[in-house]
Amino acid sequence: MAPKVERFVSPGKGNGLRATASIRRGELVYSADPLAACVSLKQSKNTCHHCFSRHETLLRCSQCKMARYCNITCQKQAWPVHKSECKCLRSILPRIPTDSVRLAARIIFALCTTSKGSSEELYSLEEHESHLSSMSEQKKEGLSQLASMLQLYLQQELPTLDQASSSLPPSCRDPLCLMGKVICNCFTISDGELQEIGVGLYPSLSLLNHDCGPNCVMVFEGTKLHLRAVKDIKSGDELTVSYIDSLELVDVRRKQLEEQYHFTCTCHRCNSRDKDVIMLSGEEAAWRLFKDAMPRLDGLRAESNWQELLNLCKRSLSTAGDDVPDENLYKLKMMDAAVDACVQLGLWGEALAFGLRTLPVYRLYFPDPHPVHGVQLMRVGKLQHYLEHVTDALDTFRQAFEILKVTHGDTHPLTYELKMKMEECRCELNQSQ
Numbered sequence: 000m001a002p003k004v005e006r007f008v009s010p011g012k013g014n015g016l017r018a019t020a021s022i023r024r025g026e027l028v029y030s031a032d033p034l035a036a037c038v039s040l041k042q043s044k045n046t047c048h049h050c051f052s053r054h055e056t057l058l059r060c061s062q063c064k065m066a067r068y069c070n071i072t073c074q075k076q077a078w079p080v081h082k083s084e085c086k087c088l089r090s091i092l093p094r095i096p097t098d099s100v101r102l103a104a105r106i107i108f109a110l111c112t113t114s115k116g117s118s119e120e121l122y123s124l125e126e127h128e129s130h131l132s133s134m135s136e137q138k139k140e141g142l143s144q145l146a147s148m149l150q151l152y153l154q155q156e157l158p159t160l161d162q163a164s165s166s167l168p169p170s171c172r173d174p175l176c177l178m179g180k181v182i183c184n185c186f187t188i189s190d191g192e193l194q195e196i197g198v199g200l201y202p203s204l205s206l207l208n209h210d211c212g213p214n215c216v217m218v219f220e221g222t223k224l225h226l227r228a229v230k231d232i233k234s235g236d237e238l239t240v241s242y243i244d245s246l247e248l249v250d251v252r253r254k255q256l257e258e259q260y261h262f263t264c265t266c267h268r269c270n271s272r273d274k275d276v277i278m279l280s281g282e283e284a285a286w287r288l289f290k291d292a293m294p295r296l297d298g299l300r301a302e303s304n305w306q307e308l309l310n311l312c313k314r315s316l317s318t319a320g321d322d323v324p325d326e327n328l329y330k331l332k333m334m335d336a337a338v339d340a341c342v343q344l345g346l347w348g349e350a351l352a353f354g355l356r357t358l359p360v361y362r363l364y365f366p367d368p369h370p371v372h373g374v375q376l377m378r379v380g381k382l383q384h385y386l387e388h389v390t391d392a393l394d395t396f397r398q399a400f401e402i403l404k405v406t407h408g409d410t411h412p413l414t415y416e417l418k419m420k421m422e423e424c425r426c427e428l429n430q431s432q
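Numbered according to numbering that gives the first Met the number 0, the sequence shown spans residues 0 to 432.
Hints in this document: simulated from the structure, not taken from any laboratory.
Be careful, since some hints might not be right.
When the alpha-carbon atoms are kept at most 27 Å apart in a straight line, the in silico DSS-like pairs for lysine-lysine are as follows [stated by the list, open to error]: (1) K313 to K12; (2) K290 to K332; (3) K254 to K86; (4) K313 to K332; (5) K274 to K12; (6) K41 to K86; (7) K82 to K44; (8) K233 to K404; (9) K223 to K274; (10) K3 to K233.
Distance ranges between label pairs, derived from CB positions [what the hints assert, rightly or not]: (11) D250 to A284: 16 to 24 Å; (12) R172 to N304: 40 to 48 Å; (13) E55 to W78: 38 to 46 Å; (14) R94 to P2: 41 to 49 Å; (15) T390 to K41: 36 to 44 Å; (16) G298 to D161: 39 to 47 Å; (17) R23 to K82: 27 to 35 Å; (18) K290 to K82: 45 to 53 Å; (19) K41 to T72: 19 to 27 Å; (20) P2 to R425: 17 to 25 Å; (21) A284 to R172: 50 to 58 Å; (22) E55 to K139: 36 to 44 Å.
In this text, a Cβ means the ideal position worked out from N, Cα and C, and glycines have one as well.
Just need the whole structure built from these sequences, with the hints factored in.
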């Protein structure tokens, strides 16, 4: 563990992490590999199951037909982990377990075959909370179904696992308890542009407590997690991250945190409700049209029905847009969806027009340096560059770089890509002059 961090008991929160020395904004606080990780089902066809990089074409495991790899090298390196999983997958095809069940199985395989989770961790898997006692009966029933699926999934490996069970922490021998620990403590693994690609368990970093206005952010390179400070932190200060998307109303955020993590958030942002009024600005009758369209919008996005999604966005914005400012939460989500649809349909000019409208609102809701604002700036800059608005693109890329060098660091692949984009713009401007 990094020498500037220690475990402590956080008042009112339980375990936490705090700084033992001053930490500067942009400083890398900690890096960690997961105890176990797996690619999300919805990304499984275009993401390497070993290194988590994305490719249009991947080699597929000839046995389970589910795992995919960049090349033979990745496939060979993945085999020690995948060989047990492969048997389990084959035994229940065509069904494929949920991400959480596959992650729980990988945790068991890791603990049975390696020394992962040993004493160098500040927080062991045995110490993780399952929160079973505080769950509603409905949620416990859902968890029981996952635990039953885990038992069915592991059936083929039970003889091997029984022999190695002495290396499992006692609570991890109970499928229900293990599933509770996984659900409450795993992290969503994202790519550099913050798109979900998998889930993983990082034992020591489960000590980090939540704040809707945190002093640290987590970014990933493959499955490696980097914790970076986004504010100057004094010795003795607690380190915090946001567990959820902060672009929601206070009551929505609190409900999500209570349901998944079993606590009520009392951070400054929640107690002050500082953004709720502006998130609901405009004529209520008008913005409710946007809110009511959200389930349909999410369904069309899940189906990749981009043309119908764009039609829905345009109809909604045309009908109610003038009575609702761009800062309205539901209008912003509608414009963001329109950007996605336009990009997928190759309507670059329209994508740029919608994207430019989102930037002031992103700056409002994601104060710098925030990775979400930085990624949105980079996205808009790419559209400007493609449309040969080179001067504008360079300016937008520079703004993105000021953020991403703090949140991602100078050596992250996304920051490197951004540097290359800026250099391209400079070369093109020099040639034109």
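Here is what the structure says about each hint:
Restraint check: the Cα-Cα separation between K313 and K12 comes to about 45 Å, which exceeds 27 Å; the hinted pair is violated. Pair hint K290 plus K332 holds up; C-alpha atoms about 9 Å apart against a cutoff of 27 Å. In summary, the hint linking K254 to K86 is not supported, as the alpha carbons are separated by about 39 Å, beyond the 27 Å threshold. As the CA atoms of K313 and K332 are separated by approximately 13 Å, the hinted pair is consistent with the 27 Å bound.
Simply put, K274 and K12 have alpha-carbon atoms about 24 Å apart, close enough for the 27 Å limit, and the pair holds. For the suggested pair K41 and K86, the alpha carbons sit about 21 Å apart, so the restraint of at most 27 Å is met. For the hint linking K82 to K44, the alpha-carbon distance of about 19 Å falls within 27 Å, and the restraint holds. For the hint pairing K233 with K404, the CA-to-CA distance comes to about 21 Å; that is within 27 Å, so the pair holds.
Only pairs whose Cα atoms come within 27 Å are accepted, and K223 paired with K274 is rejected, the gap being roughly 33 Å. Annotation: proposed proximity of K3 to K233 holds, straight-line Cα distance about 11 Å (limit 27 Å). As the Cβ distance of D250 to A284 is approximately 21 Å, the hint placing it in 16 to 24 Å holds. Restraint check, R172 to N304: a C-beta distance of roughly 45 Å satisfies the suggested window 40 to 48 Å.
In this structure the supplied range 38 to 46 Å is violated for E55 paired with W78, their Cβ-Cβ distance being about 24 Å. Separation of R94 from P2 is about 47 Å and conforms to the stated range, judged on CB atoms against 41 to 49 Å. As the Cβ distance of T390 to K41 is approximately 38 Å, the hint placing it in 36 to 44 Å holds. Between G298 and D161 the CB atoms are about 44 Å apart, so this pair conforms to the stated range of 39 to 47 Å.
At roughly 44 Å, the beta-carbon separation of R23 and K82 lies outside the given 27 to 35 Å, and the hint is violated. The beta-carbon spacing between K290 and K82, approximately 48 Å, falls within the hinted interval of 45 to 53 Å. The beta-carbon spacing between K41 and T72, approximately 26 Å, falls within the hinted interval of 19 to 27 Å. Look at P2 against R425: about 40 Å separates their beta carbons, and that is not inside 17 to 25 Å.
Our hint of 50 to 58 Å for A284 and R172 holds, since their Cβ atoms are close to 56 Å apart. In this structure, E55 and K139 meet the distance hint of 36 to 44 Å, their C-beta atoms being roughly 42 Å apart.
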